[in-house]
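Each chain, letter by letter, is given below.
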Amino acid sequence: MALNLKRKRGAQVAPKAKRLHADEDAISHHSSAEESMGSGSDQDAEEEAWDGIEGAAAHTHETSAEAGPSGSHIMKPPTGEELRKIKDASELFRSTSFKSQIDAMLPNVRPKYDKSQSLDAFLMSLHKLLMELPAVAPQHPLHASRTLSKKGIDVPYVRPFPTEETNWKVSFEKPSEIMLAGSWITKTAVKAKDSAPFTVDVAIEMPSSLFQEKDYLNGRVFQKRAYYLGVVAAAIAKAKSTLRCELFYESVSGDPRRTCLVLRPIPDDTHKSSSKAHTHVRIIPFIGESPVPLQRLSPARSNIRAAVLDDESKEEPTPLYNTAYMLMTTPKAHLLHIHALAKNVPSFADALTLLRVWANQRGYGLGSRMCVRGFEGKGMWWASILDLIVNGEEPPPAGLGRKGTKRKPLGKGLSSYQLFKAALDFLARHNFGDEAVFVKSRDGHRFPPSSYSSHEAVFVDATSSVNLLADVPLASLDTLRYDAQATLELLDHALLSEDAFAPLFLREHRDLFARFDVVARVDLSSVEMRAVSAQHVADHGSAYNAAVAQLVSTLHRGLGDRAKAIAVLHASSDVRPTSQALPTQSSIVHIGIILDSDHAFRLVDHGPPAEEQESERTRQFREFWGDKAELRRFKDGSIAESVVWDVKNADERARIPAMIMRHLLARHFGLGADAVQTWQTEFDTLLKLPDPISSLYQASSASVGFKSALSAFDALVKHFRALDDQFPLAVLNVSPVSPALRYTDVFVPATLAIPSRSALPKSVSYLPAMEIIIEFEKSARWPDDLRAIQKMKLALFERLASILMSAVKGLQATVVLGERTERTEIEDEAALDIITADGWAFRARIWHDREATLLDRIINDQPHVPKALRQAKTGEDARERQLALHARELYTRRFIHAPRHHRAIAALYHRLPAFANTVRLTKRWFAAHWLLRGHVSEEAVELLCAHVFLRTGPPLTADVATNARTFAPGSKERGFAQVIEFLKDWEWAEGLDIMLDNADQTAGDSPTAAPTITSKDVAWSLRTSFDPRGHMWTSSGPNAVVARRVTTIAKATWECLNGLENGTSSVKAIFHHPTDHYDFVIELNPALSTRYHQKLDADTSVWAPKGKYANAIARDAAASIMPSFDPFGMFYGDLAHVYADTVLLFHDSLGGDRIGAVWQPNLRSARPFRALGGFSSIPVQKDAAKGKEKDKGLVVLNESALFAEIQRLGSTLVARIAPRDTQ
Amino acid sequence: MGSASSPKKASRARAASTSAGSSSALPASVSGFTVLPVIYASSATHILYARAHSAPKHSDAKGKQKERAAALPEGRTLFLVNVPPDATERELTVLFKPCGTVERVVFSTGGGGAPQEEEMLEDESESEDDDAHESAAGSEDKDDEDVESRPKKKRKVAEPQAPRVVPLPSPPIRTLRRTGHTAYVVFLDSSSLARALKPPQKPYTWPVDKEALLGLEHYASLYSALRPPLDVVRAHADSWMEAFEYEQAKKKHESKYNKGEAIVDEDGFTLVTRGGAYGKTLGGGVGVASKRFHEDQSGAGSKRRRKDKKETKEKDAFYAFQIHEKKRKHIIDLKTRFQEDTAKIEKLKERRKFNPY
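Those sequence lines, one after another, are chains A and B.
Numbers 5 to 1227, taken from the numbering used here, label the letters of the first sequence in order.
Numbers 40 to 396, taken from the numbering used here, label the letters of the second sequence in order.
If we strip away everything but chain A, and leave its shape as in the complex, we get (with noise of 0.2 Å):
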């Protein structure tokens, strides 16, 4: 029906084109194009485009034909194989450049087949070699493997080994098939991770007459296909002459049923290409026509007999064992099956590389580092996930139950695009826990479905033999939808992030602190399984992978659904030495989760109530937390078993699945604390003040915590409120504005009762005051003058004040003036420092209105002047406008946006669990590197975590319910390797946009675009909904020498987080700030500091008391609390202002006792003299100088006299000052 419509169209449009014009090219191209059409896809709504444009195709050709040469120059209209390319591109890759993108990639991760003629010759003669081998009779196995190990081969035996009482033989006969087998053959190999070599697999049937039919039983057929590979490796090392190669053997997944030989071709000096080519030859026996019947095989039997073993219990089913048997038998049907799909399906190969490429970045694959178990030599799975797309599943056999099956085939027409996202889809959605997957078979079910019942996860290929997924963790195939969840969430919110690409394919995701919320370093050396069968590590075939595997299910039921899902990772199995019979595996894996915070912080685990005592279950419950598991009587009166994990604090709350962890593999698998190693704990330090500061705390009974300072603050605005009668004026609102009050800041709130602070040394007394915001209700009679208003502000902070002294007990308050000694009289400056008497001081300021009006009426006077007409200022008038300029901004940033953006953090301290401690990380992070408030402010970290936390989930709404699909980190370790990951890469010149919440926005007055005077070298841009310039919070910095520098160490710390999973760096040298690159650095004295307790690894020492009496300080410290009193802050602050344009400093505001400097570039040379040119300088000496330039005046930066001049400023607080050469 589709073509005939076509057809119609097609003729109606035909004879139009003549009557428009006779030209030939057009109809010939129309009907070229139309046929194209015909063979192409068959959706209607794209016909109607189609159409639509080949009729104006074939006009605009002829129009354009017509213009003659004249109109060349003009834009060609596209011809139709150009507009049928575009159209592809457009439709079915997302967009053109996507598509453009993926062209260009996927030559770069393919073989090239080009250039493999050498090895073409090597597989020429190693077939040769293989077909010209003598037979070996058949003799005793451990009488064979001795000849053989006299060659220097060891043969792959595998458990348990052949005894003298062994009573079968093994012997040789040359190959009776020999191909080529895998990716490489049928063109979809994919370049592997890690710079790991192509594999080519010559697959080699080993001659039926070998095996008998009982050779399926305990192992014996892997012992026969062991011994045939020692023989094969020992004539190619004895061919070495002819046969250029290394020798090695190689097992997947670590199964020493599933070895292999492994070929590296030595390359010779002639054909260099063949290392260009950089390929590997794997050597795979396998079996033809298997003399074993299929039913004995069949998942549910058990093959490895228990008299063989201890253990003679009943016969467990052995589907590991069963699964390896069936591999050797399918690479033949497997090659010629991908081989059908690529010619079926154009785009099969193309889609296929998509998805591993897509897998690989992700760790599923081979890597020599921090790959995900279970997904080695799964070649044939990622190709049947396609398979399953295109060709649909297998019906389950009528009768069992189940309906017909629920995913329809996807076609044969889709693009590759189009099949990797329904590859992805299908990952993403699919569980594979519950329900088996059947790829479509020609010949139905080989075993009943229900044999399988056995497996973990069922995914069985399309010679309906094998399931793929067998060896596969059910927990790594969570992670795997994980991992395609959050891919497809990042292509269906692909507008906030136009570059999807890069992401997708382009970026590694392999690091584990960015990618698992708790992440923990094992050594399995130390394992001691509890309760482990011998069958079980038998049908595993190593005690290393039997280990492995009840690890991960452990853990698995452990955690529960505190998890979304946990891996496992380790480096993928390596070649060993054909020397080497058995495979070695590293015993250090990591183990990461990704927790569902919803539940992962659960302080109790129910278990089986209290009536089933006896039960089963009750007993697997007890069995299986240990001492952990008790009888509870919950609130409801229900009494049952459970777990409960008892903490103290938040910080340990944020612990308990490391806590669940630990506890499970110490039980279940000997490994005490020793063995694994987890790094919450120090990151956790970092935000806590010293042990002996928090006792001095604890001693005086201080209240800590950020509710007990937000109730401080609610106390405090009850105060403002119940003022009424007595003021004036009424209080509107009370907005605060602190980080302290947006759980943001880095150290939780801690302060002493008014008279107990006297307790504190002096060098750790710092008090922050928490900035509010008061606004009152309007009123006519405040003066229309902003000098007077500000005045005004200070008559009103003084009534405040003694009001509420006179109102509330204990409560002190002192206008503050401003920050420095000279007033500038329009800005607004005064505020008012309260200590309520908890000890909790707050700074309030006035929020008036008018002022934004009277500034802008400064700064532009003739608004209804036309731009270019307008007078130019001089003097005072453009003095004054610029101090209106400076003051406005200072207001819109105090007034507009600190509020807003105090509201718009808080909310998602309450919708993302992690976000608030992963701030505090973060600006730890920061401080430590001496950037934090000099050059980077508070509220663009904060901005810069809500960007990692929001970028990845859909735009915040108020229901919980979304906020479940958000793949925002859940734990505050993976949100700052995730600010680091993000701060690495990132291009600050272009800026970033960030989806905070903008629910405010309607009530607020939209933002203005008032003219500020940012200065031009501001280097980020951190654009939200109500700051569309982006410029609000970070027009002080950082300029782009210090966003550079960011990037930089960022990077370091990218490369340290990586460190700490092989253990070669620690926690601390991330934060760890080295100083060699500074110029100079002034130490200061740290018993002056009034916060030297917040330093990193701070010395108790400083603040001990010292002096013959311990109460000899103490005695002014009760009469003068000073809010905010930091006098190596503002000594920072004054040099900065100062030197502004001579150095460039930074310092830790967090209680750092160090000033880094680096001189400006341009002063170091020397330059001619001027009046103002802002830098002490020295003139060049007579002498130095040359002639020619004397008479310039040069001058130079004097640095002697600088330092004098810091050290004089300083006096006492400064230490010392060591240039560069001197540290």
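Just to be clear, a hint being listed does not mean it is correct.
Claimed, not checked - Sample of chain B residues lacking proximity to chain A, with all beta carbon distances greater than 10 Å (derived): (1) ALA91; (2) VAL133; (3) LEU227; (4) THR244; (5) LYS291; (6) GLU293; (7) ASP306.
To be verified - Which bits of chain B does chain A cover? Going by a derived footprint, with three or more residues having C-beta under 8 Å, they are: (8) 74-86; (9) 119-125; (10) 211-217; (11) 230-238; (12) 260-271.
FYI, nobody ran anything at the bench for these hints, they're computed from the structure.
Ideal Cβ placement from N, Cα and C applies to all residues, glycine included.
Given the coordinates of chain A, assemble chain B onto it according to the supplied hints.
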């Protein structure tokens, strides 16, 4: 030297070598400025550049110039460059005591910073111009250099009956200025100026005023100075507001125009102004609606009008050729966009961006 001379062992050797060499080999003058070495510490020598102050030649604002001339009398004013950032008037006075008595010191820039800096011009004479603005204000309160914290308004309220403003306390706290800034030193007589301009026999030694604190004590006293007792704040604020209201009233009284009365000039034209509350200016005149109001009105109207216009407009997809044109344009656009994309990717390719690992 006091605390400043605390040893910097590490840097001493290097610094000493440069300074020892420099004090002997320094040029006597640079670009017309006399070089005055000032010893900071045993190891460090600071350089002051001095020149006799000369009034700018060009005359833009005559009145101001006269005023400035009075503040900085030519002939006995020394123009200093690269004054130490923490210098106080007292310290400079003591420094030049050997040359003669200093009448006063005028600093060019306060702690203010950036805005003034932008105005500063390369040309020295022009910059003096700018400095003079400052000095005009500065000269009045020469007796107390920290009066900046005192409101300027006070000075303008010169009438005897005006209420006095109670000043906020201003203890002697150093103002830190930007490094390399300039200052004027006015001597009592011109002979002192000549003496000061002569290259000195031996370098001056920087006197540190012990009363103006530095370091921790400076910050502690600054902190407490910014938090005056409540009664002082109150007295200051109240008296200031009183003075302000007095002045407002006076201004209003003096003003030629009264609210509501039309302003008619000599030629008989009525002044029409815009702005002020409710469309009326404070000073009077005939008010018209504020501009925004006007724009809003006209904007709404014009929008409606535009809409009317649209309907009568020609239909753009009526004739076949129009449709064709449109489609043609569409596919050409498609092609250009495609080509742009391809070009972009090519560029990226050159940067080897598509090698995933």
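Which earlier hints turn out false for this structure, listed by number in ascending order?
11
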